[in-house]
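Spelled out, the chains give:
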Amino acid sequence: MTTNVVFGLLRVAVLVAALKAADGEIADYGIAATNTYVWIGQGLLGFILLWGTNELAERVRSGDVVVDLYRPWNLQSALLAEDVGRSGFAFLTRLAPPVLFGMLLFPFQFPENAVQWPLFLVSALIALVISFAFRFLIDVSAFWLIDNRGLYGFWNVTSGLLCGLTVPIAFFPEWAREALWMTPFPALLQAPIDVFLGHGSAPKLLLYQAFWAVVMLGLGHLALQRAVRKVVVQGG
Amino acid sequence: MADLIYPRLIGARLRSQLSYRASFAMDFVTQVIAQCYELLVILVLFTQITALGGFTKNEVLLMYAFAGAAFGVADLFAGQLDNLPTYIRTGTFDVLLMRPLGTLPQIMCSDIRLRRIGRITGGIAVLAYALANVPVDWSPAKVALTVVTPIAGAVIYSAVWVVACSVCFWIVEGREFANAVTYGSNAFTSYPINVYSRPLRWVMAFVVPGAFVAYYPSLALLGKQDPLGLPGWVGWTSPLVAALAAAAAGLVWRFAVRHYRGTGS
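If you read the sequences in order, they're chains E and Y. The numbering used here applies: residue 32 is where the first sequence begins, and numbers increase by one. The numbering used here applies: residue 15 is where the second sequence begins, and numbers increase by one.
Here chain E stands alone, though its shape is the one from the complex:
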C-alpha cells in the first residue's frame, strides 16, 4: 500500500509536468483525467493481481501439481474461481484506497454518465479474468520449462508498460498505439480506465476485452490439456 501510493505520487508528478510542457493537455488527458488515470491504475493493479504469484508453477516444479490434477475439478476454472474470490477482498483493500486517496487529494474526473460506474466494474472484472488467463499461461509453461522464473520476470518487467500502467497508451506514437491495441495487453488496464474516463466507446472496449478473455482462457485450456499428457506420476 505504501509502495503503491508513493509510486502513484511519483507518476502523477512526472505526467503532470509533461502536461505543463504541452500546454495542459496531451491526447485527451488534462490534469484531472491524468490524476484519475494514475490512481485508478494504481488501484486496478492490485485488484487484477497483475503481478500475482506463480504458485502453480512452483507446484509444477515441486510435483505437487499431481494432487491438483487428481481432483475432480477443472484446474483452470478452480484457480480462476480462487482469483475472483480474492478480488472481492482486493476490491476493498487494494482498489478502493488508492482511488479514494486520489479522489480526495487531487483533481479528479468523475464519470459524466452514471452508467459508466457499473460499466467500469464489468470492465475491471473482465480485466481480472484476462490477467488470470495471462498468468495461467505463464504458470503452465512450467510443465515444459520446469523453471519459468525467467519468463515470469520478463512478464513482470514488460506488462506495466504494455498495458498502459505507467504512461497512457494514448501518449504512444501512432504505430505503437495501433500495434498495442491489437494485443490483449491494453485490455488489462487501459480499457477499464478508458471506460471510467469516457475515452472511446464503452461497448466497443468491453467487446474487445471479452474477445481477449475468451481467447486467452481458450489458449490456457489447450495448453493445460497438452501439458497434462506430459505428466508422469511416479509411485503414489
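Everything labelled a hint here was simulated from the structure, so no lab data went into it. Ideal Cβ placement from N, Cα and C applies to all residues, glycine included. Warning: the hint list may mix true and false statements.
Calculated from the model, a selection of chain Y residues having no Cβ within reach of chain E, i.e. all distances over 10 angstroms [said to hold, decoys possible]:
no., residue
1, L111
2, H273
3, Y274
Covered stretches of chain Y, going by a simulated chain E footprint (3 or more residues, C-beta under 8 angstroms) [what the hints assert, rightly or not]:
no., stretch
4, 41 to 49
5, 52 to 62
6, 65 to 77
7, 198 to 211
Following the hints, position chain Y against chain E.
Positioned in the frame of chain E, the structure of chain Y alone reads:
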C-alpha cells in the same frame, strides 16, 4: 584470515550462478529490459513534449542514466537486504550474530546476484549515449565528476537501503515500506526533481538525499542553473553527501542490531 573470507564467499557465489548458463543469460536479459523500462517511458513522453521541467530529452536521459547505473551497483551489493525480514522472522539472523564477522557485510555478501550487472550495463549504455549528446564543456574536473557520480550515487542508495531495511528490526513486515523508499527513490531520481511537488521533493530529495544521486551532478556537468535556486557548487558535493549517508546508515544499523531480539524459535 578475515580479509580473505569475503573474496572467497563472493567467489563461491559467482561460480554457483555461472554454472546455470541459460538461466543466467535469461535473467541477465530481463535485468537489461527492467532497466530499459523507465527509458521507454521517457522516450514515449518525449514524443509528446520537447522539454520536461525545462530539461531536454538528452538531459533527462543523463539524469536517468546516472540514477540507473548507481542503482544497479547498489542493488548488486545492498539488494540482499530485502531478505532481512525473512531472516528476522525465521530467526536465521541469530546465525549471522554468532559468526565473528560484521552482520551487515555478511548479508551483503550472502547472495550477490551477478545478473544484476544487467541493470548496470543498461545504465552505462544510456549514460554513454546521453554524454555524447548533451552539450558539456569538458574539463578534467568534469571527467572526474562523471566517474565519481555513479559511485557516490551507489553509496547513497545503499545507505538508504540499509536505513530503510533497519525498520524491519522493529516492524517485521516492514519490507513494503522499505521497498517504497528504495525502489521509490530510484524512480524519483530518474527525473529532474523540480517536476515534483514541494513535500514530495523535500522528503525524497533532501531527507532521503536522492537529489545528489543524479540531479545536482547533472546540473554541474551541464553548467545549468538550478531552477530551485541552489548554488552551482552543490553539484560537486555528492561524494560528501555519500560519506555522510554511509556514516548515518552505519550508526542506524548498529542501533537497530542492538535492539534485535530473537524470535525464540
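10 angstroms cut-off, C-beta based - H273/Y kept clear of every residue in chain E: 22 angstroms, holds
Verdict on chain E covering the stretch 52 to 62 of chain Y, criterion of 3 CB contacts below 8 angstroms: As far as the stretch 52 to 62 of chain Y goes, the hint holds, because 6 residues have Cβ atoms under 8 angstroms from chain E.
8 angstroms C-beta test of the stretch 198 to 211 of chain Y against chain E, three or more residues: holds (count 7)
Three-residue Cβ test at 8 angstroms for the coverage of the stretch 41 to 49 of chain Y by chain E: With 4 residues close enough to chain E, the hint holds.
Y274/Y and chain E, when compared Cβ to Cβ, separated by more than 10 angstroms: Given a closest Cβ separation of 23 angstroms, the condition holds.
Interface exclusion of L111/Y relative to chain E, criterion Cβ beyond 10 angstroms: 29 angstroms, holds
Given coverage of the stretch 65 to 77 of chain Y by chain E, checked by CB-CB distance under 8 angstroms (3 or more): Holds, because 3 residues of the stretch 65 to 77 of chain Y bring their Cβ atoms closer than 8 angstroms to Cβ atoms of chain E.
Hint check: no violations occur; every hint is consistent with the structure.
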